[in-house]
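J.: The chain contents come next:
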Amino acid sequence: MGPLVPFIISEELSLVIAFFLGIGFGFALEQAGFSSTKKLVGLFYGYDFTVLRVFFTAGITAMAGVLLLGHYGLLDLGVIYINPTFLNSALVGGAIMGAGFIIGGFCPGTSVCALAIGKLDALAFLFGAALGIFAFTESFPLIEDFYRAGNMGQIRISDYFGMSNIAFGFILAIIAVGAFVATWYIENKVNNRKPVIASQQKNKYIGAVAALFVVLAVVAIFPGEKEIINNRIAEAKRQQTCVFKEMSADKLSSEIVNKYYALNVIDVRSPEEFEAYHLPLAVNIPFDQMMERQYEPIFKQRLKTNVFYAGSDTLVRMACLKARYIGKSENFILKESPGEFRQMFFEAEPPPPDASKSQLELYTFRNINAEKMNDLVDALKNIGAPVKREKVTIQGGC
Amino acid sequence: MVQGEFKNAKPYMNPYLAGFLLGMVLLATIYITGRGLGASGAVKSVVVASVESAAPNYAENEVFYQNYNEQNPQGPWKDFLVFEVIGVLVGAFFSGVIGKRVGLKLEKGPRVTNYTRVGAAILGGALFGFGSQLGRGCTSGSALSGMAVLSLGGILTMLAIFGAAYALAYFFRKLWLN
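Those protein sequences? They're chains F and B, same order as listed. Per the working numbering, residue 1 is the first one in the first sequence, and the count goes up by one each step. Per the working numbering, residue 1 is the first one in the second sequence, and the count goes up by one each step.
FYI, nobody ran anything at the bench for these hints, they're computed from the structure. Don't take each hint at face value.
[Unchecked claim] Lysine to any residue pairs mimicking SDA-like chemistry, simulated, CA-CA at most 25 Å apart:
1. F:204 / B:14
2. F:189 / B:51
3. F:202 / B:24
4. B:78 / F:206
5. F:38 / B:8
6. B:78 / F:6
7. F:194 / F:206
8. F:304 / F:351
9. F:38 / F:130
10. B:7 / F:123
11. F:204 / B:60
12. F:189 / B:100
13. B:78 / F:13
14. B:100 / F:19
15. B:78 / F:281
16. F:328 / F:79
17. B:10 / F:211
Quick caveat, the model's predicted, so the values are computed rather than measured.
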């Protein structure tokens with residue numbers, strides 16, 4: 001499941017991969033003609049719309065791919081880098097870049113391409129870019145407030161408009177295809193060409209557009225990986241027919257006391273409920289967050305036993321089922337609710353004077369285990385406490 | 001110095017095909033690394049490294065360099081974009097060789113002198129460099145990669161870049177047109 005860095009591929013190796021991805025990037029840009037200012041500025045004078053075609057096609061292709069991979073759980077969209085939105089600096093910075101584009105004829109990526117094939121004006125442009133960045137770093141204290149103003153965080157345009165990603169994907173795709181057709185007419189008009197196109201070429205283009213919309217439609221119509229899993233888990237039949245390994249509270253307390261290191265006690269309730277009371281040494285993985293990437297190792301490891309508990313029978317069973325879809329760990333569910341556990345061990349009533357021997361034994365057993373569990377919690381507070389897993393975020397941008 | 005067009009240069013790739021190729025490279029980048037492509041960040045690395053080696057004491061006390069080092073504990077050279085841009089040089093050169101477009105050349109509009117072209121390129125580069133830092137990425141890092149992940153900021157930056165360039169195109173037409 002992507003992204004492969006930093007989960008599967010190390011940061012160090014990613015630098016080598018960056019080199020190879022860069023080769024692809026440079027090759028595609030140069031093949032498209034982006035190493036020539038004539039092609040690039042043609043966009044702004046209407047005689048050559050290559051830039052728009054390449055740029056939009058690339059953006060739409062990657063977007064459709066990201067949506068498709070995300071839909072089938074191959075790429076974790078919650079982890080990938082979304083360029084953060086700082087409203088003021090995005091607009092002003094963009095406008096300054098636009099001025100640089102029309103005056104200099106390049107943008108940074110294309111100037112690197114042009115330099116690679118010996119364009120001397122590209123060298124001048126890159127030298128200028130270094131100067132501009134130096135000017136920015138030097139004046140940073142003066143513009144820092146502006147630079148940080150209007151922070152909206154890592155927000156998607158679809159979130160901003162309150163629509164789904166795929167809905168905006170469709171809109172963007174329609175805009176792109178519309179722009180391709182419109183600019184083709186404009187370009188022909190500016191260059192005094194007749195708008196004719198070979199039928200074979202036309203069929204190819206129609207096929208490509210159809211393929212794009214098929215991909216988007218697949219994402220929009222068919223249920224995704226998470227949906228499939230959630231639907232299966234929610235099926236009552238599965239919850240009844242599936243055999244769950246159950247563990248009683250007494251057994252669990254002994255396991256905690258004797259083998260806490262071979263155990264993950266997992267609370268799938270909400271953080272608030274967890275905060276209010278939780279079992280000794282329990283970790284909180286709310287049910288809705290179980291599929292997040294940072295918890296995956298817990299469900300995929302085979303060294304420790306996972307014991308799930310929740311306030312309700314259904315929830316704990318659903319959690320256990322979900323864990324089975326994620327990994328192959330040994331999973332148990334606690335028979336008792338956390339409230340019952342607390343009462344049995346930490347708020348136990350002393351047995352009446354006429355209690356039977358077994359009742360007395362049980363009481364002592366639970367008392368001793370409760371004490372030991374408290375000792376363990378104290379002892380492990382700092383060293384052995386289960387590490388709270390942080391959400392992994394990826395840095396990016398320029 | 002070669003002037004004018006290369007005689008044997010092969011035609012460029014179909015723009016949609018090139019765009020598809022570029023999109024697949026971008027998709028691969030996002031799938032493998034979780035982040036998009038970029039270019040201006042590599043120039044920033046060069047700038048930061050230059051300042052830090054030329055005036056280390058000065059850099060230590062400046063807010064910008066402190067922030068930068070906090071975010072890039074491995075130093076400016078061990079950066080994804082630096083390696084990527086080295087790859088861009090190689091890939092573009094390779095493509096240029098295939099297309100027979102390699103050779104020293106100063107490309108300019110028909111009505112400008114070499115000095116004007118170089119001056120405009122430096123000025124344009126400076127503006128682009130400055131703007132890319134303010135906008136947190138250039139055409140590749142912010143606009144293109146941002147569009148792929150539907151980032152609001154990336155798409156706004158893209159609109160601002162192309163909007164401003166269109167708005168100003170008329171005033172700079174003598175740089176490019178007959």
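J.: Would the hint linking residue 38 (chain F) and residue 130 (chain F) be met if the CA-CA limit is 25 Å?
T.: The hint holds at about 23 Å.
J.: Would the hint linking residue 78 (chain B) and residue 281 (chain F) be met if the CA-CA limit is 25 Å?
T.: Since the Cα atoms of residue 78 (chain B) and residue 281 (chain F) sit roughly 40 Å apart, the hinted pair is violated (cutoff 25 Å).
J.: Within a Cα-Cα threshold of 25 Å, do residue 304 (chain F) and residue 351 (chain F) meet the stated pairing?
T.: violated, 35 Å
J.: Quickly compare the C-alpha distance for residue 204 (chain F) and residue 14 (chain B) to 25 Å and report which way the hint goes.
T.: holds, 12 Å
J.: So if I understand the rule, the pair passes when the alpha-carbon distance is 25 Å or less; does residue 194 (chain F) with residue 206 (chain F) pass?
T.: holds, 20 Å
J.: Between residue 100 (chain B) and residue 19 (chain F), is the straight-line Cα distance small enough, at 25 Å or below?
T.: holds, 23 Å
J.: Residue 7 (chain B) and residue 123 (chain F): Cα distance at most 25 Å?
T.: This hinted pair holds, its Cα atoms lying about 23 Å apart.
J.: Would you mind confirming whether the straight-line C-alpha gap from residue 78 (chain B) to residue 6 (chain F) stays at or under 25 Å?
T.: holds, 15 Å
J.: Assess, step by step, whether the Cα of residue 10 (chain B) is no farther than 25 Å from the Cα of residue 211 (chain F), and give holds or violated.
T.: violated, 29 Å
J.: Starting from residue 189 (chain F), check that the Cα of residue 51 (chain B) is at most 25 Å away, please.
T.: violated, 50 Å
J.: Assess, step by step, whether the Cα of residue 328 (chain F) is no farther than 25 Å from the Cα of residue 79 (chain F), and give holds or violated.
T.: holds, 23 Å
J.: Residue 38 (chain F) and residue 8 (chain B) were given as a pair; does the straight-line alpha-carbon distance stay at or below 25 Å?
T.: Holds. Residue 38 (chain F) to residue 8 (chain B) sits at ~18 Å (cutoff 25 Å).
The structure fails hints 2, 4, 8, 11, 12, 15, 17 (numbered hints given earlier, in ascending order).
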